[in-house]
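Asks: All chains, full assembly: derive it from the sequences and hints.
There are 2 protein chains.
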Amino acid sequence: MKTLFAIDPWKLTETELHRDDMRLSESLTSTGNAHMGARGNFEEKYSGDSHPGTYFAGVWFPDKTRVGWWKNGYPEYFGKVPNAPAILEIGAAVNGEELDLARNEVAAFRRELDMERGLLARQFTVRLAGGEARCETERFFSAARPEILAIRYRVTPSFDAEVAFTPAVDANVRNEDSNYGGSFWQPLGEGAEGERSWLLSQTKENPFGTPRFTVCCAFSCGGGEPGFAQGRAQRAVKRTVRAGETAELVKLVAVATSRDFETDDALKAHTLAALGAAERAGYDALRAEQAAVWRERWDRMDVVIEKDPAAQQGIHFNLFQLLSTYDGSDPRLNIGPKGFTGEKYGGATYWDTEMFCLPMVLSTLGEGAAKALLRYRYDQLPQAMANAEKLGCAGALYPMVTFTGDECHNEWEITFEEIHRNAAIFYAVWYVYTYTGDKEYLAQYGMPVMLEICRYWVSRASWQPRKRKYMILGVTGPNEYENNVSNNWYTNRMAKFCLETFCELAQDVTGILCLKERGLDGRELAQFARAAKHMYLPQERDGLCEQQDGFFDKELRAADTLDPAERPLNQHWSWDRILRSCFIKQADVLQGMYCLRHLYSDEVIRRNFLYYEPMTVHESSLSPCVHAILAAQVGESGKAMEMYARTARLDLDNVNNDTCDGLHVTSMCGSWMAIVKGFAGMRTETGVLAFAPCAPEAFGPFSFRILYQERRIQFSLRDGRFTLELLDGAPLLMLVYNECILLRREEPVTHEVK
Amino acid sequence: MKTLFAIDPWKLTETELHRDDMRLSESLTSTGNAHMGARGNFEEKYSGDSHPGTYFAGVWFPDKTRVGWWKNGYPEYFGKVPNAPAILEIGAAVNGEELDLARNEVAAFRRELDMERGLLARQFTVRLAGGEARCETERFFSAARPEILAIRYRVTPSFDAEVAFTPAVDANVRNEDSNYGGSFWQPLGEGAEGERSWLLSQTKENPFGTPRFTVCCAFSCGGGEPGFAQGRAQRAVKRTVRAGETAELVKLVAVATSRDFETDDALKAHTLAALGAAERAGYDALRAEQAAVWRERWDRMDVVIEKDPAAQQGIHFNLFQLLSTYDGSDPRLNIGPKGFTGEKYGGATYWDTEMFCLPMVLSTLGEGAAKALLRYRYDQLPQAMANAEKLGCAGALYPMVTFTGDECHNEWEITFEEIHRNAAIFYAVWYVYTYTGDKEYLAQYGMPVMLEICRYWVSRASWQPRKRKYMILGVTGPNEYENNVSNNWYTNRMAKFCLETFCELAQDVTGILCLKERGLDGRELAQFARAAKHMYLPQERDGLCEQQDGFFDKELRAADTLDPAERPLNQHWSWDRILRSCFIKQADVLQGMYCLRHLYSDEVIRRNFLYYEPMTVHESSLSPCVHAILAAQVGESGKAMEMYARTARLDLDNVNNDTCDGLHVTSMCGSWMAIVKGFAGMRTETGVLAFAPCAPEAFGPFSFRILYQERRIQFSLRDGRFTLELLDGAPLLMLVYNECILLRREEPVTHEVK
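If you're matching them up, the sequences are chains A and B in order. Under this note's numbering, think of the first position of the first sequence as 2, with each following residue one higher. Under this note's numbering, think of the first position of the second sequence as 2, with each following residue one higher.
Treat the hints with care, as some may be off.
You can't tell identical chains apart in this list, so a pair holds if it fits in one copy or across any two.
Listed below are the simulated DSS-like cross-link pairs for lysine-lysine, each with C-alpha atoms no more than 30 Å apart in a straight line [what the hints assert, rightly or not]:
hint, residue 1, residue 2
1, Lys3, Lys391
2, Lys3, Lys65
3, Lys3, Lys308
4, Lys555, Lys391
5, Lys72, Lys3
6, Lys470, Lys555
7, Lys517, Lys391
8, Lys391, Lys440
9, Lys517, Lys239
10, Lys72, Lys391
11, Lys440, Lys345
12, Lys205, Lys65
13, Lys755, Lys470
14, Lys517, Lys534
15, Lys308, Lys46
16, Lys555, Lys468
17, Lys345, Lys205
18, Lys534, Lys391
19, Lys65, Lys345
20, Lys3, Lys239
The hints are simulated quantities; they were obtained by calculation from the structure and are not laboratory data. Source: prediction; values computed, not measured.
Replies: The following block contains the structure:
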């Protein structure tokens with residue numbers, strides 16, 4: 002736990018330079034515009050410990066797999082978002098004395114991320130040989146113009162001085178997580194056209210047959226002497242100022258990639274054109290555009306928590322970072338667990354997207370963005386089928402970690418065994434369908450995915466003749482502190498759900514006809530139904546579900562009996578000790594109860610919650626949100642508050658002591674889910690929008706807006722009552738608790754909280 | 002399966018050059034003298050595919066761990082025997098035309114390993130520009146002089162020619178298995194003194210605090226012009242010969258290491274002195290010494306199989322390779338799974354030693370050698386205790402793979418979970434004790450190891466209150482095709498054996514007093530007894546032991562229903578598929594039945610054998626021998642023969658298709674065990690020597706000699722009768738089947754085979 006930034010609803014403000022926590026500060030001040038993004042690295046040189054990181058969406062590199070002991074079926078490479086050519090850089094020197102906050106004497110320092118307007122700024126004062134110099138920087142990745150980064154850099158010396166700026170773009174960068182220490186870029190060329198300098202770089206050749214990417218980075222700064230080195234373009238700008246006068250430099254950068262252009266010429270032309278358009282607009286207009294786009298976003302999706310500024314800051318930060326990472330405009334993209342904020346997890350796609358991000362994307366960015374995420378998996382169905390075949394199964398097994406649909410991860414217990422990811426994808430399709438009611442989309446892009454997932458389940462399960470049950474042996478469930486277990490309740494239960502649901506949808510959706518092309522027939526459907534019916538679910542006593550075969554044989558202890566010095570366990574215990582212990586990394590049985598809460602009574606959920614939560618150490622960032630939701634539902638208000646705080650402020654408070662590596666972007670959606678699906682009790686699984694608020698009283702008044710079937714709906718809760726208001730769209734028949742209401746424009750419905 | 006060498010009781014003979022199988026031939030023609038050894042690489046240049054390998058016993062290098070995903074508790078390095086400075090090299094050219102069998106036109110080729118005399122020879126004829134040249138090479142690592150390698154190289158051109166020899170020693174070598182492609186050696190210097198050239202090399206500095214090794218390689222060849230490069234010393238020798246005359250070069254090499262000398266000067270002086278002594282003896286005398294030592298060895302331990310030359314060749318090859326690898330003279334050394342024949346497994350110590358090699362070492366090399374192996378573990382007890390502590394347990398957990406007692410391996414399912422290795426070490430101490438009756442050795446070097454192993458078991462087991470049993474959760478048994486299972490029968494049974502046996506010995510051995518220093522008291526002994534009594538052993542029906550919790554839930558199939566194209570499974574199936582299948586890599590329950598066969602009836606062993614063997618794919622080289630022993634015992638003659646052939650000729654027939662990487666040296670002891678402990682039914686576990694022969698009839702007459710408590714005993718079997726003969730030593734009361742006999746010198750006892 003460490004909190005560097007002051008509590009404030011809209012801002013992250015740091016008022017001293019934390020040289021020893023630079024990586025943490027950099028992570029927290031990451032910014033982006035879904036097209037690209039960067040950590041909060043300083044523009045000027047910083048020679049201290051730091052983790053430079055700039056990332057361009059969809060550009061990745063296949064880094065040769067590093068493995069201790071090769072297993073048959075491992076992928077040959079691990080895809081990574083390469084640290085992209087550095088575009089932030091603006092070297093600065095005053096009378097030849099270089100600015101470098103690791104070495105300069107710093108008289109004052111302030112860094113501020115303005116989430117309301119999407120701006121990152123610093124003000125600092127350094128003591129130099131000639132006196133003090135006050136500096137101000139401000140930058141933003143334009144939310145209005147995906148190609149554009151704008152930076153304004155001001156230096157005000159207290160003495161007559163020559164201020165030298167050296168803005169640059171530079172492809173001589175490396176990934177810290179490069180498996181064999183290699184670099185991922187090769188320079189293709191650099192040059193200048195008038196006041197614009199440009200740099201073309203390409204990802205290196207690879208032996209895996211995956212595509213290479215070329216990126217063009219162009220910048221201008223209103224003149225300056227161009228200079229070049231291999232893979233680097235810079236300009237030297239000198240300003241002579243009197244004491245107290247300000248030297249200002251505006252650097253505009255445009256970035257485009259070969260993902261969108263066929264030829265290098267077209268790529269370069271587009272980049273320079275985008276840069277030209279930004280120049281013509283000018284910094285102030287770009288800044289005004291930025292604020293306007295963010296205003297519209299907040300208006301659409303803000304979550305307001307009135308009495309708890311820490312909680313408010315948490316949800317704002319989470320919404321801000323999600324929007325900086327993904328906007329749903331490009332179905333080739335997905336949401337990496339760290340977004341544009343670090344190298345860890347390689348920027349690839351995980352089940353996080355479907356299980357944790359999709360509900361929020363659907364309700365805030367809208368159907369289009371959510372469908373783009375589903376489309377991503379639909380487009381990768383052939384690779385998922387090839388993956389299943391490679392592992393000796395039918396149907397499709399989606400990869401654990403991927404860019405192109407091909408598996409990247411290489412731990413057998415995860416790559417081969419964490420197969421519940423398939424259920425998350427099925428569930429997401431179903432969730433979007435029940436939310437939107439869009440049968441056409443379901444039939445065209447959903448059912449083929451669902452069919453192949455069901456085929457996988459049937460081939461992966463084995464029939465146990467003595468017990469007359471289908472079993473799923475040798476898996477890792479969501480709780481990764483168990484590996485290679487048999488009959489993980491969550492996996493089996495979700496497989497059963499997939500098979501049952503598919504059989505239901507197959508009766509109902511006319512689009513089922515198209516599945517004939519995929520060879521579906523009545524016999525196979527009957528097989529699905531049989532497997533669903535006879536799926537083995539580990540022992541239940543009083544509704545208590547056993548996490549997997551043998552879990553009840555463990556030495557059962559509550560997590561609060563652990564020595565605090567040994568936590569987090571994953572930093573102190575050897576793996577075998579973690580595995581044989583009862584301690585749970587993240588919701589497992591409870592993840593299933595959350596997904597299928599329309600099928601379980603509050604009593605059963607409560608029984609399982611009270612059994613499993615005390616053994617849960619929440620060492621996955623994906624854990625607290627699910628527990629917050631269920632805790633609220635079963636009336637465990639204190640636990641709900643604790644879990645909400647943990648999910649909403651996970652990074653702001655550096656709860657897991659790893660935010661220095663980057664932000665937990667996908668987990669961030671969890672705080673939205675905790676409020677909307679948990680505290681407000683929003684349900685959509687039966688095809689009807691429903692609210693059943695159960696927020697802890699201590700949470701205080703809160704409100705939010707969602708998009709639902711071409712409507713905007715506002716929910717607000719205060720003093721034991723809540724109000725639903727239709728802001729836009731047609732009247733809606735919906736449920737409040739189990740009571741039917743008709744929601745119309747300008748006729749808010751108010752109801753007591755039960 | 003591939004057999005390159007002709008069947009012959011005493012020789013491996015290859016009569017054509019197998020360029021495509023060079024690595025396989027090289028492995029099979031490896032030679033060594035326990036101090037050093039080398040693969041069967043050619044002396045002259047060979048530019049084709051080849052795997053050069055020379056190894057010096059006890060010299061190792063800590064190669065930085067390569068791992069995909071770090072787990073807490075992994076070791077920082079993996080120790081490896083580095084490919085040592087090349088000492089075989091003798092470049093040869095005729096009239097300037099270089100000999101290189103990858104390129105020369107080869108008119109004839111013969112390679113022969115003479116196991117009876119310990120010589121490796123080649124005769125080959127190449128067609129050169131001037132005509133043919135007939136070449137003969139012969140070499141041996143001296144069994145009489147550990148420092149010495151002797152090579153004789155003869156070239157007989159069919160034309161007048163100048164033959165140029167370039168013998169050399171060269172430290173510019175690398176390991177193929179270097180984790181990051183680095184080299185492990187740095188040159189310290191090279192020089193010549195008179196007709197002797199020398200090279201000093203040191204293993205590179207490492208950040209892990211492990212010792213570095215310096216080696217001195219000196220050679221002479223009766224003159225020649227010395228030449229040097231960094232890390233290389235050579236001599237140029239020219240001989241002018243008439244057509245049909247022979248140019249001969251004898252290269253004598255001496256090698257010593259800093260393991261035995263304090264200073265580089267002393268090391269060099271010793272090396273040169275050893276070389277000088279060898280020179281004074283001369284090649285022919287050295288060769289005669291070599292034959293004499295091998296004659297004595299064969300006289301002491303030969304196993305004769307009269308009617309099956311393939312089986313005879315197999316056991317000779319296995320005995321030859323074991324003697325080339327280990328002689329028991331240095332308790333700092335152990336037996337690497339590949340000996341001096343390849344890089345795989347890093348030349349380190351595995352449980353193979355105690356479980357598979359020790360019985361043969363004890364009966365053929367004698368008590369001293371076996372005790373040296375036990376002493377190795379005793380000396381490493383502190384590291385094993387530190388390892389247990391690191392993993393959160395009491396007592397000692399011996400490493401899976403080690404040089405110094407520190408763990409090197411980094412797969413959690415093996416490093417942390419394959420804890421049955423501890424039982425093998427306990428069992429070995431007990432085996433040597435029951436064989437030798439040496440209570441003093443047991444008390445001093447055995448019991449401390451046994452005590453700390455028992456402490457580990459007790460702390461590693463967990464109490465299951467509902468079932469009132471101790472359980473051992475999260476382990477990998479000997480069958481590595483199951484990972485992270487609970488209550489592996491073998492592990493639990495052996496833990497129970499350790500605890501019970503310790504309690505028994507503690508009553509009996511006076512040396513128990515010394516354990517007071519280690520804090521042993523009656524309370525702890527009672528705890529051991531309680532844990533032994535209540536140890537959980539998975540379900541038994543009709544004596545059938547369940548391999549682990551849940552094994553009976555698997556889809557059970559015999560291995561012969563597998564598609565042969567999918568075997569070996571580990572080269573075709575993904576790991577999860579292997580894990581969830583019923584297929585067994587190597588004896589697991591049956592390994593326990595083998596170890597504890599004095600405690601199980603033939604009926605129970607038969608029941609388990611018939612259940613598990615059909616599911617066993619024998620993809621570990623350690624598997625067939627145990628099955629051969631049990632098959633013979635339970636009367637499955639056909640299976641016993643099949644398993645014997647597989648263990649005895651594993652490498653000669655390249656059964657597992659991996660002999661190219663090196664020989665399965667530790668498994669080789671299995672064929673001796675199959676004959677002596679299996680077919681002849683030798684038992685010693687009760688403290689009395691017993692034989693109960695049960696050889697398959699088809700195996701025919703066989704005989705062997707063993708050392709037993711300062712006696713030499715000969716066993717021979719022919720035509721349904723077997724004879725025991727005391728060759729040396731005091732009369733012995735022993736058992737034949739269950740009948741007591743007194744064996745005296747010159748009074749052989751003959752008995753019917755039952």
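Asks: Taking the hints in turn, state whether each one holds.
Replies: Outcome of the hint check:
1. Lys3 to Lys391: Cα proximity of Lys3 and Lys391: across copies only (28 Å, versus 45 Å in one copy).
2. Lys3 to Lys65: Neither way: Lys3 and Lys65 sit 35 Å apart in one copy and 33 Å across, limit 30 Å.
3. Lys3 to Lys308: within (23 Å within a copy, 78 Å between copies)
4. Lys555 to Lys391: The answer is between: 21 Å across copies meets 30 Å, while 34 Å in one copy does not.
5. Lys72 to Lys3: Between. Shortest inter-copy distance 25 Å satisfies the 30 Å Cα cut-off; intra-copy 40 Å does not.
6. Lys470 to Lys555: both (24 Å within a copy, 12 Å between copies)
7. Lys517 to Lys391: within (24 Å within a copy, 58 Å between copies)
8. Lys391 to Lys440: Answer is neither: 32 Å inside a copy and 57 Å across each miss the 30 Å cutoff.
9. Lys517 to Lys239: Result: close neither inside a copy nor across copies, 70 Å intra and 81 Å inter.
10. Lys72 to Lys391: Answer is both: 13 Å inside a copy and 27 Å across each meet the 30 Å cutoff.
11. Lys440 to Lys345: Result: close neither inside a copy nor across copies, 38 Å intra and 58 Å inter.
12. Lys205 to Lys65: both (12 Å within a copy, 27 Å between copies)
13. Lys755 to Lys470: Neither: 41 Å inside a copy, 48 Å across copies.
14. Lys517 to Lys534: within (24 Å within a copy, 61 Å between copies)
15. Lys308 to Lys46: Classified as neither: same-chain Cα gap 41 Å, cross-chain 82 Å, threshold 30 Å.
16. Lys555 to Lys468: So Lys555 and Lys468 pass the 30 Å test inside a copy (23 Å) and across (11 Å) alike.
17. Lys345 to Lys205: For Lys345 and Lys205, the Cα distance is within 30 Å only inside one copy (20 Å; across copies 32 Å).
18. Lys534 to Lys391: Within one copy, since 28 Å is at most 30 Å while 46 Å is not.
19. Lys65 to Lys345: both (16 Å within a copy, 22 Å between copies)
20. Lys3 to Lys239: Result: close neither inside a copy nor across copies, 41 Å intra and 76 Å inter.
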